[in-house]
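Asker: Build the full structure now, drawing on both the sequences and the hints.
Just so you know, the sequences run in chain order A and B.
Using the numbering used here, the final residue of the first sequence is 134, and nothing's skipped along the way.
Using the numbering used here, the final residue of the second sequence is 523, and nothing's skipped along the way.
Among these hints, one or two may not hold up.
Cut-off 25 Å, straight-line C-alpha distance, at most; resulting in silico cross-link-like pairs (DSS-like, lysine-lysine) [to be verified]: (1) B/K230 - A/K74; (2) B/K403 - B/K514; (3) B/K176 - B/K205; (4) B/K259 - B/K356; (5) B/K171 - B/K205; (6) B/K471 - B/K514; (7) B/K464 - B/K521; (8) A/K74 - B/K239; (9) A/K77 - B/K155; (10) A/K74 - B/K232; (11) B/K441 - B/K521; (12) A/K10 - B/K154; (13) A/K10 - B/K171; (14) B/K259 - B/K378; (15) B/K154 - A/K73; (16) B/K186 - A/K73; (17) A/K74 - B/K240; (18) A/K40 - B/K402; (19) B/K186 - A/K77; (20) A/K40 - A/K16.
Between beta-carbon pairs, the in silico distance windows are [stated by the list, open to error]: (21) B/E460 - A/K21: 51 to 59 Å; (22) A/K40 - B/K398: 25 to 33 Å; (23) B/P382 - A/Y45: 38 to 46 Å; (24) A/G119 - B/N341: 22 to 30 Å; (25) A/N51 - B/E262: 43 to 51 Å; (26) A/K16 - B/E397: 41 to 49 Å; (27) B/K259 - A/N51: 42 to 50 Å; (28) B/E149 - A/E99: 19 to 27 Å; (29) A/N51 - B/Q456: 46 to 54 Å; (30) B/E140 - A/K16: 42 to 50 Å; (31) B/N229 - A/K16: 37 to 45 Å; (32) B/N341 - A/K2: 23 to 31 Å.
To be clear, the hints were calculated from the coordinates, so they are not data collected in a lab.
Here the structure is a predicted model, which is why all the values come from computation and not from measurement.
Yeah, the Cβ is synthetic: ideal placement off N, Cα and C, and Gly gets one too.
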Amino acid sequence: MKIKGRSISKGVATGKALISKQEISFLGAVNPVTGIIVDKSLDIYGECITNRILIFPGGKGSTVGSYVIYQLKKHGKSPYAMINRRADTIVAVGAIIAEIPAVDSLEIDPVDGELIEDGEEVLVNGTEGYIELQ
Amino acid sequence: MHLTKEEERIYEGEEGWTRKKAMEILVTIGDINNASKLIRIKSAHISGASYKTIGEAFEFINRLEGTVRVKSTLNPIGMDIEKRNEIGISGEFANKQKEVLEAYKKLGISAECTCVPYLIGQMPKRDEHLAWSESSAVLYANSVLGARTNMEGAPSALAASLIGKTPLYGLHQTENREPEIRVCVKCDLVDADYSALGFLIGNRIGNKIPLVELHPSSVPSKDELKHLSAAIGATGSVGMYHIKGITPEADAIGLPAEKIEIEKGDVKKFYEVNEEADVIAIGCPHCSSHELQRIYELLRAEGKGRKVRKDFFIFTARAIKQRMQEVVQKIENYGVKVICDTCFVVSPAFERYRCVLTNSGKMQRYVPLLCGGAEVRLCKTEECIRKAF
Chain A
1 MKIKGRSISK
11 GVATGKALIS
21 KQEISFLGAV
31 NPVTGIIVDK
41 SLDIYGECIT
51 NRILIFPGGK
61 GSTVGSYVIY
71 QLKKHGKSPY
81 AMINRRADTI
91 VAVGAIIAEI
101 PAVDSLEIDP
111 VDGELIEDGE
121 EVLVNGTEGY
131 IELQ
Chain B
135 MHLTKEEERI
145 YEGEEGWTRK
155 KAMEILVTIG
165 DINNASKLIR
175 IKSAHISGAS
185 YKTIGEAFEF
195 INRLEGTVRV
205 KSTLNPIGMD
215 IEKRNEIGIS
225 GEFANKQKEV
235 LEAYKKLGIS
245 AECTCVPYLI
255 GQMPKRDEHL
265 AWSESSAVLY
275 ANSVLGARTN
285 MEGAPSALAA
295 SLIGKTPLYG
305 LHQTENREPE
315 IRVCVKCDLV
325 DADYSALGFL
335 IGNRIGNKIP
345 LVELHPSSVP
355 SKDELKHLSA
365 AIGATGSVGM
375 YHIKGITPEA
385 DAIGLPAEKI
395 EIEKGDVKKF
405 YEVNEEADVI
415 AIGCPHCSSH
425 ELQRIYELLR
435 AEGKGRKVRK
445 DFFIFTARAI
455 KQRMQEVVQK
465 IENYGVKVIC
475 DTCFVVSPAF
485 ERYRCVLTNS
495 GKMQRYVPLL
505 CGGAEVRLCK
515 TEECIRKAF
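Answerer: Here you go:
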C-alpha cells in the first residue's frame with residue numbers, strides 16, 4: 001500500500017517502524033552516540049532509534065536538536081528515515097543536513113498506531129514524498 | 135516558493151557550496167511551511183555553539199566559508215574563556231571548543247556567547263524581521279519586543295545569516311501571531327513562579343499561542359518575562375505568547391474560545407521537592423545587570439559577612455559582567471563564582487552534582503537530561519541564596 005505525503009528530506013530507505021505518539025526534543029531526549037532514547041517522559045524511553053523508521057508527531061524544544069540528528073548520523077546511530085505527522089523546522093533541517101530521508105503530511109495519520117504498527121516494515125521515499133507498506 | 139534570479143543562482147551553486155547549502159535549507163523550510171518568498175532580516179542569533187551539545191556536528195560548521203550578511207550573534211559555548219582551568223574544563227574539550235568558536239568567528243559572527251543578545255545591544259525593534267534560534271530569545275523577541283522571528287533551528291539561523299534572508303511564513307505574518315488559547319492565572323506570581331508558569335504552559339498546551347491573563351496584582355518585570363520565555367521555550371513548541379495588558383500585541387486581539395486555568399496549587403507543586411541540593415545555579419538565561427545587583431543585595435542581607443557553604447554559580451554575558459564589574463567583585467567576595475560565555479547546562483564543567491537549586495524553569499527541564507543525571511529543584515531567587523549559607 002502506497003500512502004502519499006510530502007517530501008521533507010531526499011533519499012529512500014526501508015526499515016522497521018518505531019512509533020512515538022509524543023513530540024520529541026532531540027537535545028537531551030536521545031544519546032547521539034548510542035541512539036538510545038534517554039528521556040524518561042517519552043513513551044519510547046529506552047528504545048534504540050538506530051536503523052529504524054522513526055515515526056512521531058514532530059519535533060519540539062531546543063533548536064540544537066538538528067545537530068543532534070547530524071551527530072546521530074555521524075556516529076552511525078541515526079534512524080534510516082523519519083515520518084512526521086507535521087515536520088517542524090528542527091527535525092526538517094536536521095534531516096536535510098544529515099541526509100536522512102523524511103516525509104510528513106501523509107494522507108492517513110502515521111502516528112496513532114492504526115496505519116502502521118511498531119516493528120512493521122516501512123519504505124520511506126523522501127525524494128518523492130510517500131511511504132509504502134507491505 | 136518564488137525565488138528571485140539572484141536567489142536561484144545561489145540555489146544552483148553559482149556562489150559556492152556554502153551559500154548553496156544555506157539556500158537549500160531556507161528553501162526547504164520555506165516549501166514545507168508554504169512560504170511565498172524570502173524576506174530580508176535585520177539580525178540572526180545562532181545557537182549550537184557549545185561543543186558539548188553539537189559534538190561532531192561541528193564538522194558541518196567547519197566546512198562553511200564566506201561571511202554572514204547581517205549582524206549575527208552566538209549562543210553560549212561550553213566554557214568560560216578566561217576561567218577554563220578554574221571550572222575544570224579539560225584541555226581536550228577546550229581545544230575542540232576553541233575550534234568551534236573560530237569556525238563561527240571566521241564567518242563574521244560576533245562571539246559574545248550569550249543567550250540574551252537583547253540585553254547586550256542587540257535589541258530588535260517592533261515588527262523587525264529576524265532569524266533567531268535559542269528558544270528563550272525567540273520567545274522574548276516575539277512576545278516582549280514585538281519583533282518577528284520563527285523558532286529557528288541552529289542550522290537554519292546560520293543559513294539565514296549567511297544569506298541575509300528567511301522564508302516568509304509563521305510568526306513573520308500578523309495573522310499567525312493571534313492567540314489560540316487563554317491561560318487564566320488564578321494566583322499572584324513573583325520571581326520563579328514565572329518559571330513554573332512557563333513550564334506549565336509549555337507542557338499543557340504545547341503548540342498553541344497562549345494569551346496569558348495574569349492575576350490583577352501580578353506585574354512581571356523584564357527578568358520575570360525572560361524566565362517565562364525560557365520555560366515556555368524549553369517545554370513547549372510555540373514561539374510566542376501574549377500577556378494581557380503587558381506585551382505589545384496583546385491588546386489588539388480578540389479572546390480565543392479555548393481556555394485553561396492555572397491555580398495556586400499548580401505553581402506550589404514546583405517547590406515541594408525536599409531534596410537537599412549540593413549546588414546553586416542562577417543565570418539561565420544569562421543574568422541581567424538588574425539580577426546581578428539583586429543577587430548581591432540578597433547575599434549581603436543573608437550572608438552577614440559569611441561566605442557561601444555550597445558551590446554557587448552565576449552565569450551572565452561577558453558584556454554584562456564588564457558593565458557590572460564592581461558588583462561582580464562583591465558577589466565573588468561571598469565565594470560565589472560569576473561565569474561568562476557558558477552556562478550550567480551547555481558546559482561539561484557542572485556534571486558532578488547530585489541536586490541543583492535554581493530559579494530557572496529552563497534548567498528544570500534540561501538539567502535532568504544533560505547534566506550527568508543530576509536532579510533539579512526550583513526555588514525563588516531569595517530562597518536559592520538563603521540555602522547557600
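Asker: Go through the numbered hints given earlier and state which of them the structure violates, listing their numbers in rising order.
Answerer: none
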